[in-house]
Amino acid sequence: MKIRIKFSKYGSLRFIGHLDVMRFFQKAIRRAGIDVAYTTGFSPHQIMTFASPLGMGMCSLGEYMDIEVHSHQGAQDMKERLQAQCPFGIDILSVKALPEPEPNKKVVSAMASVSAASYAAVWKEKGRSFCDYSGQCADFLAQEEILVEKEEKKGTVFRNIRLGIYELKIEDDALLFTVDASSSGNIRPSWVVSRFLDFIHVAAPDSALQIIRLELYTHQGDGPERTLIPLDAIGEEF
Amino acid sequence: MRLPDFENRLALSDEILLSVDKPARYIGGEVNAVYKDKKKIALRFAMCFPDVYEIGMSHLGIQILYDMFNRYEDVWCERVYSPWTDLDRILRRENIPLFALESQDPIREFDFLGITLQYEMCYTNILQVLDLSKIPLLSKDRDETCPIVIGGGPCSYNPEPIAPFFDLFYIGEGETVYRRLFDLYLETKAKGEDRASFLLRAAREVPGIYVPALYETTYHPDGTIASFLPTAPGVPAKITKEIVMDLDRAPYPQKPVVAYTKAVQDRVVLEIQRGCIRGCRFCQAGQIYRPVREKSLERLKKDALELLEGTGQEEISLNSLSSSDYSHLKELVDFLMDTCREKNVNISLPSLRIDAFSLDVMGRVQDVKKSSLTFAPEAGSQRLRDVINKGLTQEDILQGARMAFLGGWNRVKLYFMLGLPTETPEDIRGIAALCNEIAALYYDVLPKEKRSGPVQIVASTSFFIPKPFTPFQWAPMCTKDEFTHKAGLTKHAIHEQLNQKRIKYNWHEADLSVLEGVFARGDRQIAPVILRAYEKGCLYDSWGETFRYDLWTEAFAECGVDPDFYTVRQREKEEIFPWDFLDCGVDKSFLWKEWQKALRQEITPNCRQACQGCGAARFKGGVCLEKREGAAV
Numbered sequence: 001m002k003i004r005i006k007f008s009k010y011g012s013l014r015f016i017g018h019l020d021v022m023r024f025f026q027k028a029i030r031r032a033g034i035d036v037a038y039t040t041g042f043s044p045h046q047i048m049t050f051a052s053p054l055g056m057g058m059c060s061l062g063e064y065m066d067i068e069v070h071s072h073q074g075a076q077d078m079k080e081r082l083q084a085q086c087p088f089g090i091d092i093l094s095v096k097a098l099p100e101p102e103p104n105k106k107v108v109s110a111m112a113s114v115s116a117a118s119y120a121a122v123w124k125e126k127g128r129s130f131c132d133y134s135g136q137c138a139d140f141l142a143q144e145e146i147l148v149e150k151e152e153k154k155g156t157v158f159r160n161i162r163l164g165i166y167e168l169k170i171e172d173d174a175l176l177f178t179v180d181a182s183s184s185g186n187i188r189p190s191w192v193v194s195r196f197l198d199f200i201h202v203a204a205p206d207s208a209l210q211i212i213r214l215e216l217y218t219h220q221g222d223g224p225e226r227t228l229i230p231l232d233a234i235g236e237e238f
Numbered sequence: 001m002r003l004p005d006f007e008n009r010l011a012l013s014d015e016i017l018l019s020v021d022k023p024a025r026y027i028g029g030e031v032n033a034v035y036k037d038k039k040k041i042a043l044r045f046a047m048c049f050p051d052v053y054e055i056g057m058s059h060l061g062i063q064i065l066y067d068m069f070n071r072y073e074d075v076w077c078e079r080v081y082s083p084w085t086d087l088d089r090i091l092r093r094e095n096i097p098l099f100a101l102e103s104q105d106p107i108r109e110f111d112f113l114g115i116t117l118q119y120e121m122c123y124t125n126i127l128q129v130l131d132l133s134k135i136p137l138l139s140k141d142r143d144e145t146c147p148i149v150i151g152g153g154p155c156s157y158n159p160e161p162i163a164p165f166f167d168l169f170y171i172g173e174g175e176t177v178y179r180r181l182f183d184l185y186l187e188t189k190a191k192g193e194d195r196a197s198f199l200l201r202a203a204r205e206v207p208g209i210y211v212p213a214l215y216e217t218t219y220h221p222d223g224t225i226a227s228f229l230p231t232a233p234g235v236p237a238k239i240t241k242e243i244v245m246d247l248d249r250a251p252y253p254q255k256p257v258v259a260y261t262k263a264v265q266d267r268v269v270l271e272i273q274r275g276c277i278r279g280c281r282f283c284q285a286g287q288i289y290r291p292v293r294e295k296s297l298e299r300l301k302k303d304a305l306e307l308l309e310g311t312g313q314e315e316i317s318l319n320s321l322s323s324s325d326y327s328h329l330k331e332l333v334d335f336l337m338d339t340c341r342e343k344n345v346n347i348s349l350p351s352l353r354i355d356a357f358s359l360d361v362m363g364r365v366q367d368v369k370k371s372s373l374t375f376a377p378e379a380g381s382q383r384l385r386d387v388i389n390k391g392l393t394q395e396d397i398l399q400g401a402r403m404a405f406l407g408g409w410n411r412v413k414l415y416f417m418l419g420l421p422t423e424t425p426e427d428i429r430g431i432a433a434l435c436n437e438i439a440a441l442y443y444d445v446l447p448k449e450k451r452s453g454p455v456q457i458v459a460s461t462s463f464f465i466p467k468p469f470t471p472f473q474w475a476p477m478c479t480k481d482e483f484t485h486k487a488g489l490t491k492h493a494i495h496e497q498l499n500q501k502r503i504k505y506n507w508h509e510a511d512l513s514v515l516e517g518v519f520a521r522g523d524r525q526i527a528p529v530i531l532r533a534y535e536k537g538c539l540y541d542s543w544g545e546t547f548r549y550d551l552w553t554e555a556f557a558e559c560g561v562d563p564d565f566y567t568v569r570q571r572e573k574e575e576i577f578p579w580d581f582l583d584c585g586v587d588k589s590f591l592w593k594e595w596q597k598a599l600r601q602e603i604t605p606n607c608r609q610a611c612q613g614c615g616a617a618r619f620k621g622g623v624c625l626e627k628r629e630g631a632a633v
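Residue numbers (the working numbering), protein chains in the order written: chain A, 1 to 238; chain E, 1 to 633.
Quick caveat, the hints were computed from the structure, so don't treat them as lab data.
Worth double-checking, as some hints may not be accurate.
Using 25 Å as the maximum straight-line C-alpha spacing, the simulated DMTMM-like pairs for lysine to aspartate or glutamate come out as follows [what the hints assert, rightly or not]:
id, chain 1, residue 1, chain 2, residue 2
1, E, LYS588, E, GLU602
2, A, LYS27, E, GLU602
3, A, LYS150, E, ASP21
4, E, LYS22, A, GLU151
5, E, LYS262, E, GLU309
6, E, LYS301, A, ASP35
7, A, LYS126, E, ASP67
8, A, LYS27, E, GLU342
With the sequences and hints as input, model every part of the structure.
Below, the structure is given as structure tokens:
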């Protein structure tokens with residue numbers, strides 16, 4: 001049975017990398033006594049995949065991993081057991097069962113199914129807010145081109161990220177935006193933030209802002225019918 | 001909208017953490033790290049491994065003491081490691097004091113800073129930790145507000161080269177008298193007695209404690225030691241190591257701290273015994289941890305299960321100097337194999353002798369993938385193996401290799417030392433000949449259709465460094481040129497072999513070995529050199545990318561110290577060694593006897609075969625009390 005686990009990452013654990021999170025969960029799952037499935041072969045390892053890696057220094061309310069288990073005592077039990085093994089900085093937010101794939105089809109892994117991600121950017125300095133700039137969001141999005149520099153083998157290339165920005169607004173103190181996070185068109189949140197700061201003529205070092213991933217989305221339908229749904233919306237209670 | 005907590009409660013700003021390599025080294029908060037309310041704590045201890053986090057976190061001794069100290073309600077033990085060079089520069093530039101991982105509080109605020117001394121090449125890192133903590137580098141310059149700086153671990157068996165940097169050393173195994181030391185500290189503090197009074201009382205009242213400031217050395221005109229004596233009444237002239245006689249009753253961490261970032265030792269470590277029966281004459285551990293004391297099978301089974309449960313690790317490793325000599329190895333391995341198969345845990349079995357039993361075990365553990373097999377003949381000829389008392393014969397090695405080849409292995413690693421006492425070019429050519437013979441054996445033993453690819457032999461040599469408390473403590477060490485010449489000779493001899501294409505040869509630069517040789521048998525005159533080298537920028541000397549031999553050479557010259565005095569000189573029987581005031585249980589007269597036997601190429605039976613009366617029987621335990629012929633208790 002495939003299980004999708006949603007978790008948060010915050011506090012000092014902002015400074016542990018993606019591979020460290022994976023190693024952490026491998027051990028936490030063992031300590032929690034979850035009946036996890038292993039690959040076969042000469043060096044068995046837990047069947048475990050993660051959705052899009054989170055940049056160093058960022059926090060998240062929407063991290064996902066998929067695991068496979070042989071047996072369980074319900075989602076609530078699994079959530080509590082795993083939570084008991086988590087330090088300050090990781091919380092288990094939801095545990096859901098992924099639907100059985102249709103015959104002859106594979107389950108789409110957490111990693112492969114990501115199409116978009118939403119983020120918040122807030123000032124670390126207390127009392128500082130984006131709210132004065134809420135009027136500029138529409139103008140920012142009205143640009144035809146939002147260019148970012150990208151280092152590639154051939155040298156620096158420019159990429160227009162405008163179409164990959166699906167939504168951008170200011171709410172409370174935070175700058176909120178939803179962007180393409182698919183493997184082919186992934187947009188780094190820092191690009192959006194720095195272009196927006198340029199647009200509103202605010203100069204600040206990267207470390208002055210905290211970026212928080214709010215959710216990862218997959219999509220249903222295509223073309224005009226296409227809608228984004230959170231990664232755990234396709235899972236079921238058990 | 002409710003945002004997650006991103007407030008920085010760390011000693012380093014987000015900006016710094018995001019600018020250094022592997023920030024996880026500095027944030028603490030690992031699984032099983034211990035947090036306490038510092039208002040309820042009487043004594044704060046910062047435990048330091050003076051190397052980078054991933055190395056320090058892999059060390060068993062710190063995990064044992066960290067666990068033991070934190071079981072004391074009134075003590076909070078935290079950890080600190082050497083910041084890597086990137087953070088080192090930032091801390092200096094921004095004037096940020098070095099901090100402990102758990103509380104993130106400056107080390108300067110602690111009662112104790114304990115530094116484990118696992119290898120000589122960490123000595124400049126000790127100064128780095130002190131310096132970044134804003135603690136004066138020399139004990140004599142410290143005031144009442146400074147933590148007590150205490151050293152321990154194998155290198156404290158010759159603490160003299162670093163003596164002026166420490167307030168005291170704990171000689172021997174940590175499990176025994178730390179509580180007494182803490183109680184004395186709390187008592188003197190409560191009475192308002194000063195630092196000097198605590199140190200004096202520690203030297204007088206707590207066994208195993210060495211306070212360097214309370215001893216004075218005088219020298220002969222030739223530079224050797226004339227006398228080494230305490231300067232205050234009641235301070236012992238000889239300090240006996242501390243030792244745990246019943247390991248079953250000693251504390252062992254059930255929940256060691258598990259690093260987020262990948263530590264070098266990313267597995268559960270099960271210590272099965274301390275000490276070694278073998279008595280190889282080059283080996284310091286084989287002498288200073290005498291006598292061999294085993295843990296019971298029952299205790300180990302319990303420990304193994306608890307450790308796997310408490311950490312979630314996916315691999316378990318046995319720890320000892322010579323696992324094959326553990327009396328219940330078969331039962332233990334059978335138990336672990338059953339348990340581990342069930343739990344999908346890997347077993348790693350280092351320091352096993354290659355024989356039918358170990359090959360069977362490894363075959364079962366490693367299953368399909370056969371990794372390489374390791375032998376440590378240490379010397380290329382039987383003659384030289386007799387000199388070093390390495391009880392491994394050519395026949396043992398060839399028999400082990402034959403069985404291994406038949407069992408499906410085709411890669412063999414061989415470890416040798418160059419520069420052993422009495423070594424001749426013939427012995428060195430023996431290294432090449434042995435490698436060749438093993439390669440040839442592969443083709444003899446296996447018909448073509450049964451071979452899984454060509455055989456691969458990897459021969460590695462290290463340079464022999466005489467260590468204190470070994471029979472070779474009197475022996476001269478080779479010069480850098482001699483070492484380099486010997487490595488060249490080895491390489492040449494391997495090239496002459498019929499199967500030379502199947503043999504890969506690795507060796508190291510000799511610079512580091514020369515320096516290690518100076519520190520190993522150095523006296524207090526070396527301390528100014530270490531200080532000078534540190535001031536010149538030496539740091540992380542055990543790391544190839546940061547080792548600066550040129551700066552060390554300058555430091556020796558500027559301090560007027562001749563490194564050759566400590567390395568290449570032949571010592572006389574009567575010479576007083578800088579470490580002679582320490583008593584590790586093995587008598588100097590026994591070591592001399594062994595040195596003479598070495599020169600006559602005579603071997604000595606191991607502790608289980610026949611007691612040699614080394615002196616360790618006075619601890620009344622371990623192998624010394626086992627029933628066997630020739631016991632001298």
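Now for the hints, and whether the structure bears them out:
A distance of roughly 18 Å separates the Cα atoms of LYS588(E) and GLU602(E); the hinted pair therefore holds under the 25 Å criterion. This hinted pair does not check out: LYS27(A) and GLU602(E) have alpha carbons roughly 51 Å apart, beyond 25 Å. Among the hinted pairs, LYS150(A) with ASP21(E) is consistent with the structure: their alpha-carbon atoms are about 22 Å apart, no more than 25 Å. Annotation: proposed proximity of LYS22(E) to GLU151(A) holds, straight-line Cα distance about 23 Å (limit 25 Å).
Under the criterion of a C-alpha separation no larger than 25 Å, the hint pairing LYS262(E) with GLU309(E) is consistent with the structure, at around 19 Å. Restraint check for LYS301(E) and ASP35(A): the C-alpha separation of about 23 Å stays at or below 25 Å, so the hint holds. As the CA atoms of LYS126(A) and ASP67(E) are separated by approximately 39 Å, the hinted pair breaks the 25 Å bound. Restraint check for LYS27(A) and GLU342(E): the C-alpha separation of about 16 Å stays at or below 25 Å, so the hint holds.
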